[in-house]
Amino acid sequence: MQISLYRYNPETDSEPYMQNIDLDIPDGQDLMVLDVLHLLKEKDAGISFRRSCREGVCGSDGVNMNGANGLACITPLSSIVKKNKLVLRPLPGLPVIRDLIVDMEPFYQQYEKIEPYLINDTPAPTLERLQTIEDREKLDGLYECILCACCSTACPSFWWNPDKFVGPSGLIQAYRFLIDSRDTATEDRLANLDDPFSVFRCRGIMNCVTVCPKGLNPTRAIGNIRDMLLKRAI
Amino acid sequence: MVTIVTNLGKNGVSDWLLQRLSAVVLAAYTVFIIGYLLLNPGLTYVQWSGLFDLTWVRIFSLLSLLSLGAHAWVGLWTVSTDYIKPTGLRLLFQSVVVTALFVYVVWGIQILWGV
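In the order they appear, the protein sequences are chains A and B. One rule links them: number in the numbering used here = place in the first sequence (from 1) + 28. One rule links them: number in the numbering used here = place in the second sequence (from 1) + 9.
One should not assume that every hint holds.
[Said to hold, decoys possible] Using 16 Å as the maximum straight-line C-alpha spacing, the simulated EDC-like pairs for lysine to aspartate or glutamate come out as follows:
(1) A:K242 x A:E172
(2) A:K71 x A:D58
(3) A:K113 x A:D58
(4) A:K192 x A:D255
(5) B:K94 x A:D191
(6) A:K192 x B:D91
These are computed hints drawn from the structure, not numbers from a lab. What you are looking at is a predicted structure, and each value in this text was computed from that prediction instead of being measured.
Modelling step: build the complete structure from the supplied sequences, incorporating the hints.
Given below as structure tokens:
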């Protein structure tokens with residue numbers, strides 16, 4: 029298989045370049061892209077990428093494979109490789125530290141902005157704050173986000189304004205706390221989102237939905253936040 | 010919260026709502042004008058001028074003109090904040106757009122009530 033790999037080492041390279049590597053893929057197996065990265069690293073130990081759990085839980089190995097973002101560890105070659113060619117690039121829109129490793133700081137800053145934790149100003153109960161089954165079900169499809177950044181870095185609105193637009197990942201998390209029956213900061217949370225950028229820069233192109241490796245729907249969550257903002261304003 | 014002063018509305022919701030409402034008005038006006046032209050083949054100047062003598066047509070036209078101004082302001086402001094990164098250039102673009110829209114609205118009013 030022909031691999032085209034994004035290479036950049038700031039210590040030795042003046043600019044990034046694409047390295048072409050021919051790799052023998054064992055017959056009769058459908059490897060994951062992460063396995064391919066390991067085979068490449070056996071050839072050249074300098075090739076750098078992030079990985080940890082290798083089963084789609086930790087969200088470390090988000091990369092751009094043949095133009096689509098995804099987790100290398102749960103993406104089989106058969107699902108993305110065409111004409112025996114695989115192009116591997118870092119997640120777009122974030123500064124590259126080295127090879128496939130990007131600086132996630134702009135992404136985390138947006139996550140921090142939405143205050144991703146329960147805020148409740150009522151006295152704490154002795155044991156725990158209980159939820160009804162119905163209220164708990166409202167968090168399904170939201171809490172599963174693993175912060176891999178595949179969605180936000182597939183979003184042109186995030187590419188153009190990473191400092192102002194919260195991005196699909198941050199917004200699905202924002203809605204997760206807005207809709208949580210145990211959270212009492214709904215009004216403050218909405219007030220913090222009501223500007224022309226944080227939520228409203230979403231143009232609904234749904235790249236986030238297409239690439240989310242957990243099958244989540246940030247566009248729907250953003251629509252729900254917009255509805256909440258609208259109800260609050262009218 | 011991102012603080013912005015050059016957008017039309019006072020916050021994200023108002024811009025979003027203005028964009029949608031103005032789109033509905035513009036769609037209705039487009040259907041009205043195209044429908045009128047289709048239903049009146051061989052239109053004469055007297056007929057056309059008579060249409061715009063009607064007060065409700067003038068009000069509808071003015072509403073559409075204002076909607077066009079609002080719609081274009083919100084839309085082009087968004088485009089400028091996406092694609093024009095140098096602040097000076099962005100401000101210049103936004104100033105040119107707003108001035109042009111203001112001219113069009115005043116000019117449009119003059120045409121509507123001047124004939």
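Verification of the supplied hints:
Using a Cα cut-off of 16 Å, the hinted pair K242 (chain A) and E172 (chain A) holds, with the two alpha carbons roughly 7 Å apart. The hinted pair formed by K71 (chain A) and D58 (chain A) fails the criterion: a straight-line CA distance of about 20 Å is larger than 16 Å. Note on K113 (chain A) and D58 (chain A): the hinted pairing holds, with a Cα-Cα distance of about 15 Å set against a maximum of 16 Å. Under the criterion of a C-alpha separation no larger than 16 Å, the hint pairing K192 (chain A) with D255 (chain A) is inconsistent with the structure, at around 20 Å.
Under the criterion of a C-alpha separation no larger than 16 Å, the hint pairing K94 (chain B) with D191 (chain A) is consistent with the structure, at around 13 Å. Taken as a hint, the K192 (chain A) and D91 (chain B) pair is honoured in the structure, with Cα atoms around 11 Å apart against an allowance of 16 Å.
Violated hints, in rising order: 2 and 4; the structure is consistent with all others.
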